[in-house]
Amino acid sequence: MNITFRLNGEEVSIDTNPAKRLVSLLREDFKLTGIKHGCRTGTCGACTVLLDGEITLSCLVFAFSVKGSEVVTIEGFSRTSEFQDIRDGFKRSSYLPCGYCAPGKILAVHALLELNPQPSEQEIYAALSGNRCKCDDISSLLRGVRSAAFLREARHHGRKI
Amino acid sequence: MKEKWSPTLFIDDITEKDMLHACVIRSASAAGEIVDIHIPEEVRKQFILVTASDIPAKKTVSFFNDTIPVLAEKEVRYQGEPILILAGTEEEEVLEAAREIHIEYQETSQSAEKSEEEHLVFEKKSATGKPDAAFKAAARIVEGNYRTGIQRPGYSDPQGAVVKPGKKTVTVHSSTQWPFHVRDSVAQSLGRDAVSVVVSVPGVSPHLDGKIWFPSLVAVHAAVTAVKANKPVRLIIPREDDFFYGPRRAPVFIQHKTGLDEEGNITVMDIQVILDVGAYPVLAEEMLDRIINSISGPYATKALRIHGKIITSNNPPAGTFTGFGLNQCFFALETHANRLAEVGGNGPIEWRFANFRKKGISADQLVPIIADVASRSDFDRKFAAYKMLKKQKEDNVEERESLRGIGFSLGYQLSGLLHQEDEATAYSIVLRLDDNEKLHLLTSAIPGSKGTREFWKEIAGSILGIDTENVIVEAINSSLVPDSGPSILSHNVSVIPRLIERACQGIQKRRFRSPLPIEVKRTIKPAGSESGHPSSWGGAVVELDVHPHSYEVGLRGIWITIDCGRVINRESAVATIESGVLHSLEWLGAGLSGLPVVPRIFIEFVDSGKKNPPAGIGELAASMIPAAYSSALSQAAGYYIDSIPLQPEKIFGYKEG
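Sequence lines, in order, name chains V and P. Going by the working numbering, the first residue of the first sequence is number 1, and it counts up by one from there. Going by the working numbering, the first residue of the second sequence is number 1001, and it counts up by one from there.
Hints were generated in silico from the structure; no laboratory data involved. Just so you know, not all the hints are guaranteed correct.
To be verified - Capping the alpha-carbon separation at 20 Å, the derived lysine to aspartate or glutamate pairs in DMTMM-like fashion look like this:
| id | chain 1 | residue 1 | chain 2 | residue 2 |
| --- | --- | --- | --- | --- |
| 1 | V | Lys91 | P | Glu1458 |
| 2 | V | Lys20 | P | Glu1240 |
| 3 | V | Lys31 | P | Asp1018 |
| 4 | V | Lys91 | P | Glu1263 |
| 5 | V | Lys31 | P | Glu1090 |
| 6 | V | Lys20 | P | Glu1342 |
| 7 | P | Lys1228 | P | Glu1033 |
| 8 | P | Lys1045 | P | Asp1018 |
| 9 | V | Lys91 | P | Asp1642 |
| 10 | P | Lys1509 | P | Glu1519 |
| 11 | V | Lys20 | P | Glu1096 |
| 12 | V | Lys91 | P | Glu1454 |
| 13 | P | Lys1074 | P | Glu1033 |
| 14 | V | Lys91 | P | Glu1093 |
| 15 | P | Lys1450 | V | Glu54 |
| 16 | P | Lys1382 | P | Glu1342 |
| 17 | P | Lys1228 | P | Asp1018 |
| 18 | V | Lys31 | P | Glu1016 |
| 19 | P | Lys1167 | P | Asp1018 |
| 20 | P | Lys1302 | P | Glu1263 |
| 21 | V | Lys31 | P | Glu1092 |
| 22 | V | Lys20 | P | Glu1090 |
| 23 | P | Lys1257 | P | Glu1519 |
| 24 | V | Lys20 | P | Glu1091 |
| 25 | P | Lys1387 | P | Asp1545 |
| 26 | P | Lys1045 | P | Glu1091 |
Unchecked claim - Computed spacing ranges between beta-carbons, pair by pair:
| id | chain 1 | residue 1 | chain 2 | residue 2 | range |
| --- | --- | --- | --- | --- | --- |
| 27 | P | Pro1040 | V | Asp15 | 22 to 32 Å |
| 28 | P | Pro1040 | V | Thr16 | 22 to 32 Å |
| 29 | P | Leu1418 | V | His157 | 55 to 65 Å |
Positions of the beta carbon are idealized from the N, C-alpha and C atoms, including for glycine.
Full structure from sequences and hints, please.
Okay, here's the thing in structure tokens:
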């Protein structure tokens, strides 16, 4: 089946098995290894992408269902100012998630801050509950997201940090 | 475009040109003999098949004295035991072909049907004082049976290996904590010199010591297949196989029998330990010795009798796991200690103060820890209040909606292995200061987290006055870095930093006197007195609610105080402990996703002397939290809890008797 969709801002077409998982399609056919296979059961969040702007677990999505949609992976998102805010926020607060969960976590934080620019501790904890990893500790996670939120707000208001 | 994402490569991201995909065909029988293997002719023609007879040299992988077959030849001892490797160009086709292979077994009796002698691997006994006489003289004898179940490591990146064969060199990409063990195991199975095998380690996510032994077996599977096919081979273990047959925390049964005097203080202890290592022992003696050495904890007793056994079963090999048995040991000891306090009518804190040993680990070290954590958590007042509430409920004076409890436990972590492979074992690192004043750290130690890597850079940078951005931890490649030993048991905190410090001192002596680059290698022999075994102690208090009807547990707070010698980076130490608490709660059954609200964790460190070397703390939480949690739950629910994990249905089961 031929599937056409927008991937990281560019229109792409591919002839593939429609039942292939989106995570496999992105990793194997488009060589986007930023997202990870992880658990393959929608539990760990390592395969998170933005599908039409919504955070989505790509291991639970069939290839055919992205036809005509917009898919953004960490590779595409890393070109945005929002990515810079999150990355710098994590760095400033010494929050260092492992390379396996970080891409999914960054997209999940972006989705949270889009809806709620100043989330509470509980809201951060709940929003990241789908991206838990063995590298997690609570203090660093909360500190990292708060720092990212602060930088994002500052940029929106034109403040220099 | 502002910045491109540069992903960390993990084992499942690595590919080679003309690579074959391999899968392991495993035993469907838990105990039996292979009678026949039916392989369709088309499968034989189209795919590479590897059996035990294809292994060029050594057919087992060794871990000190313990060995595991690379592939079962005739006997199978557990469901999931590797029998065949199948490899082909397309992953889906390989998996499909694997389903066409059928293996016939002659079932044999399982361990459960065998006598104790048949599944006993080895045992250790020791006794001090006169236990029998002491039990006769005891005012009261208290017995408890404590069981701890398995825990899976739950690492994010999969187990796997990618191997590229070559005439001179075999290149192995392995997700491992012990690169040189992978190298030696592959070399021995292929019958080659160790230097002709080069192991490269990609990113390895936090693993709870789940990548010590299993990666060596996986790497040998991939290497033997690659050599037979004369093509690169990629073997990624599916999550299902890993879940069912991969490494896990070994289940342990510990029986405590304790004699008390009139005041409720210990006079004699008799402790039996049974460690179920699964079908094959892996580093089992190390685990049993660690348990036995720490079995009575910091408590004084005039007589002590210990009997420890390692048994096999038809479960998959458990191997080692974070704590190497100490976590199970301390769950039993500290749950029992709380029970001893209760039956003697003492509070958990005052009972401990009265029963600490006077020599070795003594009250001097432990009292400040306990005093701090008890004070911050308001333990004594809450313990008495919840006890009174429970009594009121029992007396039907007042029916309470919520059930609340608070529990205390000590925890202990011992760094470094007690046993070594041989006398030649040594751990090394190299530091190189290059022409541009950049410092390169060459080590085979696996950082485990980005925080550890930053910690190493901070140590080296601070000694030599070099910005951490100019300290580079080089990628792990066994032909370029020295053997720094297995990254286990606080190795990254207690051994590697010491080597870095010494290498920095070596550079300091030559810097500004010798031309750049300057390269310094430093080595430690782990079995010598130089290495020692730094240890950490901690105290934890857990306060919780239990829903009176659903038996769901709500955490009210966790307080922890730790003495781990010199704390180099407090933020990083807090993060390590918090992470350990989350892993412990997962083991207990209160998993990460099972915590609906942010758990309140309050951590402090006792300054026991800044000169003390830093000791590991990564495994400490798992020694403290289980007993503190189960004791709190026992107080809240009113039922004596002696086994973990603890799901609501299990708590309900305790209620039902």
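20 Å limit on alpha-carbon distance, applied to hinted pair V:Lys91 and P:Glu1454: Within the cut-off at roughly 12 Å; holds.
Distance restraint between V:Lys91 and P:Glu1093, which requires alpha-carbon spacing of 20 Å or less: violated (44 Å)
Pairwise hint evaluation, P:Glu1263 against V:Lys91, where the allowed Cα distance is 20 Å at most: Distance of about 56 Å is beyond 20 Å: violated.
Pairwise hint evaluation, P:Asp1018 against P:Lys1228, where the allowed Cα distance is 20 Å at most: holds (15 Å)
Pairwise hint evaluation, P:Glu1519 against P:Lys1509, where the allowed Cα distance is 20 Å at most: Status holds; Cα separation ~12 Å.
Distance restraint between V:Lys31 and P:Glu1016, which requires alpha-carbon spacing of 20 Å or less: Distance ~14 Å between V:Lys31 and P:Glu1016 Cα, so the pair holds.
Hint consistency between V:Lys20 and P:Glu1096 [alpha-carbon to alpha-carbon, up to 20 Å]: Cα-Cα ~16 Å, so holds.
Proposed proximity, P:Asp1018 with V:Lys31 (alpha carbon, max 20 Å): holds (16 Å)
Restraint check for P:Lys1382 with P:Glu1342, where alpha carbons must lie at most 20 Å apart: OK: P:Lys1382 and P:Glu1342 at ~15 Å, within 20 Å.
20 Å Cα cutoff - pair V:Lys20, P:Glu1240: holds (19 Å)
20 Å limit on alpha-carbon distance, applied to hinted pair V:Lys31 and P:Glu1090: holds (17 Å)
Proposed proximity, P:Glu1458 with V:Lys91 (alpha carbon, max 20 Å): OK: V:Lys91 and P:Glu1458 at ~15 Å, within 20 Å.
The structure does not agree with the numbered hints 4, 6, 7, 9, 14, 15 and 23 stated previously, though it agrees with the rest.
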